[in-house]
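K.L.:
Line by line, the protein sequences give chains A and B.
For the first sequence, position 23 (counting from the first letter as 1) is numbered 22 according to numbering that gives the first Met the number 0, and the numbering increases by one without interruption.
For the second sequence, position 173 (counting from the first letter as 1) is numbered 172 according to numbering that gives the first Met the number 0, and the numbering increases by one without interruption.
No lab work stands behind these hints, which were simulated from the structure alone.
Where a beta carbon is used, it is the ideal one built from N, C-alpha and C, also for glycine.
One or more hints might be untrue.
Stated by the list, open to error - Straight-line Cα separation of at most 20 Å, DMTMM-like style, residue types lysine to aspartate or glutamate; simulated pairs:
id : chain 1 : residue 1 : chain 2 : residue 2
1  : B       : Lys247    : A       : Glu36
2  : B       : Lys231    : B       : Asp221
3  : B       : Lys280    : B       : Glu270
4  : B       : Lys247    : A       : Asp44
5  : B       : Lys333    : B       : Asp299
6  : B       : Lys148    : A       : Asp65
7  : B       : Lys333    : A       : Asp65
To be verified - Per the computed footprint, the stretches of chain B lying under chain A, defined by three or more beta-carbons under 8 Å from a beta-carbon of chain A, are:
id : stretch
8  : 53 to 66
9  : 238 to 246
Listed below are the residues making up each chain.
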Amino acid sequence: MNPEVVRARVSALLFCFFSLSTVTVLADESLTPRQRELVRMVRQDCGSCHGMTLQGGLGPALLPADLKDKPVEGLAATIYQGRPGTAMPPWQRFLNEAEAQWIAERLMTEFPQ
Amino acid sequence: MKRLRSLLCAAAATLLLAACAGQPLRGTGDLGLIIERASGHVRLVNTSSRQPYARIGGLGDLSHASAVYSRDGRYAYIFGRDGGLTKIDLLEAKIVKRVIQSGNAIGGSISQDGRIVVVQNYTPGGIKAFDAETLDLLSEVPAEYAPGKFSKVVGLADSPGNKFAYALFDGGEIRVTDFSDPKAPKTERYPAGSQPYDGLVTPDGRHFLAGLFGEDGVALLDLWQPEKGARKILENYGRGEQKLPVFKMPHLRGWSVAQGKAYLPAIGRHEILVVDVATWKEVGRIPVRGQPVFVMARPDGRQIWVNFAFPDYGMVDVVDTLAGKVVKQLAPGKGILHMEFTPRGENVWLSARDDNKVVIYDTASFAQVGEIAADNPSGIFFTTRAARIGF
Ligand code: HEC
Numbered sequence: 000m001n002p003e004v005v006r007a008r009v010s011a012l013l014f015c016f017f018s019l020s021t022v023t024v025l026a027d028e029s030l031t032p033r034q035r036e037l038v039r040m041v042r043q044d045c046g047s048c049h050g051m052t053l054q055g056g057l058g059p060a061l062l063p064a065d066l067k068d069k070p071v072e073g074l075a076a077t078i079y080q081g082r083p084g085t086a087m088p089p090w091q092r093f094l095n096e097a098e099a100q101w102i103a104e105r106l107m108t109e110f111p112q
Numbered sequence: 000m001k002r003l004r005s006l007l008c009a010a011a012a013t014l015l016l017a018a019c020a021g022q023p024l025r026g027t028g029d030l031g032l033i034i035e036r037a038s039g040h041v042r043l044v045n046t047s048s049r050q051p052y053a054r055i056g057g058l059g060d061l062s063h064a065s066a067v068y069s070r071d072g073r074y075a076y077i078f079g080r081d082g083g084l085t086k087i088d089l090l091e092a093k094i095v096k097r098v099i100q101s102g103n104a105i106g107g108s109i110s111q112d113g114r115i116v117v118v119q120n121y122t123p124g125g126i127k128a129f130d131a132e133t134l135d136l137l138s139e140v141p142a143e144y145a146p147g148k149f150s151k152v153v154g155l156a157d158s159p160g161n162k163f164a165y166a167l168f169d170g171g172e173i174r175v176t177d178f179s180d181p182k183a184p185k186t187e188r189y190p191a192g193s194q195p196y197d198g199l200v201t202p203d204g205r206h207f208l209a210g211l212f213g214e215d216g217v218a219l220l221d222l223w224q225p226e227k228g229a230r231k232i233l234e235n236y237g238r239g240e241q242k243l244p245v246f247k248m249p250h251l252r253g254w255s256v257a258q259g260k261a262y263l264p265a266i267g268r269h270e271i272l273v274v275d276v277a278t279w280k281e282v283g284r285i286p287v288r289g290q291p292v293f294v295m296a297r298p299d300g301r302q303i304w305v306n307f308a309f310p311d312y313g314m315v316d317v318v319d320t321l322a323g324k325v326v327k328q329l330a331p332g333k334g335i336l337h338m339e340f341t342p343r344g345e346n347v348w349l350s351a352r353d354d355n356k357v358v359i360y361d362t363a364s365f366a367q368v369g370e371i372a373a374d375n376p377s378g379i380f381f382t383t384r385a386a387r388i389g390f
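Okay, chain A solo, but in the shape it has when bound (with noise of 0.2 Å):
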């Protein structure tokens, strides 16, 4: 065989192996464990309405240009209690309001990755 030939072929293999092996991991320093579980819940579980990056899917936008005329506390509200009759649900079984009002303050300046 072409030694160009094997070259490549071990070359792909090396590929195909490191490629496999990469698991890419985010995490902001400055987040405590629990902030985390919320970003990573935001990110995930909201985001299969509202988009992993948060621009919108079945639920609106949530970048800070879509939410910074809404009032902050009206936000975490939706948050905590949904919005009856829509397809936003409440999320109280699952965090508090002061977590609910922190990423509603996070979703107004800069989300977490």
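Please build the complex by placing chain B with the ligand on the supplied structure of chain A, with the hints as guidance.
P.N.:
Below, chain B with the ligand without anything else, positioned relative to chain A:
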């Protein structure tokens, strides 16, 4: 003659090249892909060896991404959240073409003749048709339901005659767009009910069902006699009782039809609704352990596998359609987002997002028979979809 000879030469050269590059000829019937939602990768897999064989990156935001296949099963079209439409070659394990087609996409479908890929978009709401070969835009149909008002599109599914059925979440209607002339599509509209959240075309291609979120019921359109309009089935299945919160929208696809019955997720109730597809009357309910998301029949229709919305998404219930009840309760991993059966259903692959793996179960013994590492896996799509109506 000269032309023919040079063509033959070119063909021989290609074959030779392929042989030199060490790519043995193979079919695609046992291949598939896993979406790695967080990192914008897809992992290509082989369902015979139960192993991954390649990983492709650079696909953008893949949350809620889905895929359809060309009719030869060689190419996958992947619809990303960020509006990216990517065509992948499963044999050469590479991206063939990628276009950004809209701001916010949720899925797509491929036409009966395999020539048109249609994408459904949330914003700007509507559908767009692309040439399956080149990904060139052919036409678009905005989901305008009132002057200046555009709806999110859900439930897009192909049906015979290069027609596509879908529903408008905000507009409350079912639409059927005929792409027989791909550059001049024709659209019919049918009032359906409040907030259709997803839709399905039955495996025979005859009926389109749209699940409703804003009211208890499912809208049904007979695509053989669309002029009769959409009617409602399973009306008032909630019996006026308080709904449980829904932390994730259920999904519908043609696989929930088995043995003459459709198995549909209830909204805000921990139940599967069973409907006879001859009469479209409710014939039963099956209690399950959470808000159902995917209700999927094994290809032979003997079993229905059900996964759940947050916070119950570590569990999976298996219904035996003969017994009409749950016969197995599983806990395959954390964050079970999707399931896919091998072509004849001896195995099912389940993505466990929060465990960073895909687990493979034997559907007869319920034993785990394999496991594949994957970065936040979500959708799993096998090439068997290429030959099915409504996928
Ligand atoms: C099942 C779908 C769904 C999920 C899951 C979901 N939302 Fe929502 N959300 C919606 C919808 C739909 C609306 C718009 C409601 C309306 O029409 O007023 C909304 C509205 C909101 C709003 C108000 C936005 C505004 O502009 O007024 C906020 C804030 C919000 N959601 C945050 C969250 C957070 C945080 C989570 C997760 C803890 C979450 N949502 C999970 C569907 C969802």
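K.L.:
If a hint holds in the structure, say so; if it does not, say that too.
P.N.:
Hints and how they fare:
1. For a cut-off of 20 Å, the pair hint linking B:Lys247 to A:Glu36 stands: about 18 Å separates their Cα positions.
2. Simply put, B:Lys231 and B:Asp221 have alpha-carbon atoms about 12 Å apart, close enough for the 20 Å limit, and the pair holds.
3. Restraint check for B:Lys280 and B:Glu270: the C-alpha separation of about 16 Å stays at or below 20 Å, so the hint holds.
4. With a C-alpha separation of about 8 Å, the suggested pairing of B:Lys247 with A:Asp44 holds against the 20 Å cut-off.
5. The suggested pairing of B:Lys333 with B:Asp299 is violated, with an alpha-carbon distance near 28 Å, which exceeds 20 Å.
6. At roughly 19 Å between alpha-carbon atoms, B:Lys148 and A:Asp65 fall within 20 Å of each other, so this suggested pair holds.
7. Among the hinted pairs, B:Lys333 with A:Asp65 is inconsistent with the structure: their alpha-carbon atoms are about 32 Å apart, more than 20 Å.
8. As drawn, the stretch 53 to 66 of chain B meets chain A at 6 residues by the rule of a beta-carbon pair under 8 Å; at three or more, the given contact holds.
9. A stretch counts as covered by a chain when three or more of its residues have a beta carbon under 8 Å from one of that chain; for the stretch 238 to 246 of chain B and chain A the count is 3, and the coverage holds.
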